[in-house]
Structures are given as C-alpha cells and as structure tokens.
Amino acid sequence: MWNPLSGSNGIVRYYKNKRLMKKAVEYRKSVQRSSEKVSDDPFCSD
Numbered sequence: 001m002w003n004p005l006s007g008s009n010g011i012v013r014y015y016k017n018k019r020l021m022k023k024a025v026e027y028r029k030s031v032q033r034s035s036e037k038v039s040d041d042p043f044c045s046d
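Here the sequence shown stands for residues 1 to 46, numbered as in full-length UniProt numbering.
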C-alpha cells in the first residue's frame, strides 16, 4: 500500500538537503572570503 506521508517526507528531506547544501556552499564562500581578507591584512603576521 502506498503511503503518501512517506512520499512527502522524502520530498521534504530532499528540499532540506538542498537548503543545507546551499548553506554549506555559502558558508564555504564566506570562509574563503574571510581567509582572503586575513591574507590581505598587512598586520597579520603569518
């Protein structure tokens, strides 16, 4: 017997994963940007 709840749950999980992936990509971009700022900072002695 087909359960409509399981199907919608799969869709919800899919969209949640998409949103999480988008967040992860944005987070990675922001981290790269901040690390670039640090490397450009003359006061940051490596």
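Among the hints, erroneous ones may be present.
Listed below are the simulated SDA-like cross-link pairs for lysine to any residue, each with C-alpha atoms no more than 25 Å apart in a straight line [what the hints assert, rightly or not]:
(1) K16 - E36
(2) K23 - V12
(3) K22 - S34
In case anyone wonders, no lab produced these hints; they're calculated from the structure.
Each hint, compared with the structure:
1. Under the criterion of a C-alpha separation no larger than 25 Å, the hint pairing K16 with E36 is inconsistent with the structure, at around 30 Å.
2. For the hint linking K23 to V12, the alpha-carbon distance of about 16 Å falls within 25 Å, and the restraint holds.
3. The straight-line distance between the Cα atoms of K22 and S34 is roughly 18 Å, inside the 25 Å bound, and the hint therefore holds.
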